[in-house]
Structures are given as structure tokens and as C-alpha cells.
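Numbers given in my numbering equal positions in the sequence shown, counted from 1, plus 325.
In case anyone wonders, no lab produced these hints; they're calculated from the structure.
Here the structure is a predicted model, which means the values were calculated and not measured.
Among the hints, erroneous ones may be present.
[Stated by the list, open to error] Within a straight-line C-alpha distance of at most 27 Å, the following computed DSSO-like cross-link-like pairs (lysine-lysine) qualify:
hint: 1; residue 1: K642; residue 2: K719
hint: 2; residue 1: K681; residue 2: K719
hint: 3; residue 1: K680; residue 2: K702
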Amino acid sequence: MTGITTTALSPNAYCQSNGVSISVTGTSQWVYEPPTDANYSNCVMPASFEGNGFTTGNAPSGTATQGNINYFFNPAVYSATVTYTAVNSNDTALILINGTNGTNVPSPPVLTNLCNLTLDSNNSSIIHGNCGATYGDVQLTITSANPFSEISLVNIGGNTGWTMGNPCKFEVTPCPPDNPGPCIQYNIHTDPKSELHACVSGGFQDSFHSLLENYGGSFIHATINGVPANASNINIVTSTPLPNGYTLDADGFLHYIIGNYQYIDHFIFYYKLCSPDNSVCVGPIICGVSFENCTGNKNNHNQNNTVTNTREKIKAKLLEATFTPNPSLNGTFILSLNEKVPTPTSLEIYDETGKKIFSVDGISSDFYEFNLAEFSKGTYFAVLKNNNEFVTKKLIID
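Required output: the full structure, derived from the provided sequences and hints.
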């Protein structure tokens with residue numbers, strides 16, 4: 326709860342948390358008494374309170390296989406850590422956002438940080454109480470790529486059902502102040518880049534990885550509001566055209582058109598990640614594509630060892646290359662290869678739109694100086710190529 330301030334307007338029905346108004350409704354209301362079970366308040370945010378609260382059914386005794394508790398948020402949020410209390414070990418509930426469990430919305434919610442709860446193995450929107458012999462507090466975080474204004478817990482099995490937690494002990498994340506709408510945040514690697522590898526053994530095969538996996542960038546997956554990016558919540562918009570015969574699917578995998586593809590040992594292109602309505606975009610992001618002879622099943626990455634030690638050493642040396650000064654005040658850069666590679670290296674410079682603005686082949690010395698003063702201040706991408714290996718570096722002209 327660090328950095329989160331809450332103002333209790335009423336302990337049972339209304340509260341303010343992190344600038345978001347939270348209100349609660351439920352199937353029935355009753356006078357709540359905190360449990361004395363050992364599992365009481367052992368979560369990060371205690372759920373319990375004294376007073377009138379909402380429950381899903383016949384509490385404190387009896388059975389309740391129906392009923393619901395509804396939390397409402399104004400403005401909408403994209404993440405909420407919520408609590409429930411008096412939950413039995415065999416209580417089961419379905420979590421809905423905006424009235425659905427995700428089957429009819431662009432991106433299903435993700436349930437994480439479970440305390441005294443377990444996820445159903447067959448349905449990731451169903452939670453089970455796991456409070457030991459009796460009952461206690463539970464807690465979970467609900468995150469969505471799209472903002473939501475309502476969380477509904479629907480009781481679908483158990484004993485006494487579920488009881489609301491204190492809404493003044495919520496942690497919610499609203500739209501960021503600098504991006505009030507649409508409420509979309511893209512969390513991508515600081516220096517975003519993607520790298521795709523594919524086979525040319527008897528013909529081109531699809532890429533092993535999606536560019537959303539940021540392969541070549543520490544395997545950090547692109548996310549939206551903490552939810553993995555995929556075809557359901559982003560659009561991939563290419564800023565530069567792909568070579569003839571190559572296509573990208575909505576999930577970022579590279580494909581080819583049979584009989585119409587152009588063999589290239591490597592190429593690069595630029596793309597943007599955009600919200601479904603293309604109103605918010607991040608990029609351009611550089612993506613490098615390389616091909617090699619492969620055998621086996623591409624889905625489990627069963628390749629033969631065609632990448633020799635020599636190529637691996639070349640890749641390592643290219644990764645060690647530096648450009649100084651960077652940023653450059655006058656557009657002059659010195660490429661330092663530290664230790665020259667066995668064969669000459671080529672250098673290509675691209676602007677943020679993916680347009681090639683500079684290139685040179687046959688660099689065989691440890692140092693190479695070049696000048697980009699004729700181009701405007703901004704960010705550029707340098708691509709070093711050698712023996713079918715390539716790396717990308719970011720250049721800045723201040």
C-alpha cells in the first residue's frame with residue numbers, strides 16, 4: 326500500500342482510493358463480525374471490517390451457491406487488488422469484469438497475486454478458496470489490457486459464500502494522468518527491438534518466435550497494462566514494407582507465400598504496436614530477420630547446429646561494438662569494433678521511419694569514423710552486418 330492513500334467515507338459501501346471512487350453492491354447485506362481464524366488478515370491488505378457488508382448468500386451459516394458482490398470504479402481502472410473475507414476452503418467463484426469473464430471482450434482479465442486462493446485448472450477466471458480448515462481473508466489482483474469499471478464475483482459453489490472486503494483497503498490503478506483516455510499503457514523494453522529466426526532447409530519456414538516476444542531483447546514480452554500483448558489487444562503496424570512474399574500475422578509471426586517469396590539471408594524492417602483502434606502507438610521498433618539451414622520441428626526449436634562457433638564469435642564481437650560519442654552533438658560518430666572480426670563489416674544507418682540514410686561496406690579496421698551532420702537531431706538505428714550475422718545499435722544526434 327506504499328504511496329496509496331485512502332479516504333474512508335463509509336466502511337461498507339463507498340470509498341476513495343488513488344483518486345478512484347469505489348462503490349459496492351451485493352445480493353444480501355448483513356452485520357459482519359471479523360473472523361478469529363488463524364488465516365484472518367494474513368494477506369498484504371486485510372479484507373475485514375466491522376459493520377454492514379454485502380455477501381453472496383446466507384451468511385454466517387447455511388449454503389450459498391448463487392449471489393454476487395459487485396465493485397464499481399469511477400473512473401475506470403486497468404488494475405485492482407481486491408479482497409474478500411469469511412471465505413471457506415471449498416468456496417468457489419467466477420470473476421467477471423464489466424459483466425463478462427473475457428470470452429466476449431478483446432482481452433480477458435489476468436488474475437495474479439493470489440492469497441488464500443487458487444485458480445481453477447480449466448478456467449482462469451474461476452477462483453477457489455484455500456484458507457485451510459475454516460475460513461479467512463483472501464486477496465487477488467485483477468488486470469486487463471482494457472480499462473474496466475466493474476468487478477463482479479459470482480458465487481458458484483461452497484458453504485457460506487463470499488463476503489465483501491473493505492473497499493477502503495483496495496489498491497487500484499487508474500488511467501495515468503498524462504494519458505487520461507484511452508487508458509492504454511505499453512510497457513516495452515527500454516530499447517525495443519525484435520529478432521526473428523527462420524529456416525531455409527528445403528524452403529522457407531515460419532519464424533520460431535513472434536516479434537512480440539522481443540527475441541534478441543532479453544526475451545522480454547511486450548505487454549499492455551501488464552497483460553501480454555497478442556492479436557486480441559494490439560495491432561502490429563509495419564512502418565516499412567516487407568520483402569516480396571513475406572507477411573506478418575496478427576500475433577507477430579513471419580510467414581511466406583508459397584512460390585512467391587524472395588530468398589534473403591537477412592533483412593530488417595520497422596513496426597509499431599498500436600491499440601486496437603490505432604489511437605495509441607509505440608514505435609517505430611526495429612526488427613531483424615535472419616535465416617539459416619534448419620532441421621526438425623520448428624515449434625520446439627529442434628534445429629541442427631549450423632550456427633558455427635565462428636558465427637557465434639562474430640555475433641559476440643558485433644555486440645561489443647560501440648559508437649562514440651553517443652549522443653553526438655555534431656553528428657560525428659566513431660565505430661569501435663574493439664577487435665576486428667575475420668571478415669569485413671558493413672554498416673547501415675536507418676531513421677525512425679525505417680528509411681536507410683547511410684551505408685558503407687568493407688569496414689576492416691578496428692575504428693571507423695562517419696558523420697551524419699546533414700540529418701536532423703533525433704534517434705537513428707545502426708545495423709552492423711557480418712557473415713549473415715547482424716546487430717542493431719541506437720544512435721542519438723543531440
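Each hint tested on the structure:
1. K642 to K719: holds, 17 Å
2. K681 to K719: holds, 14 Å
3. K680 to K702: Measuring from Cα to Cα gives roughly 15 Å; hence the hint holds.
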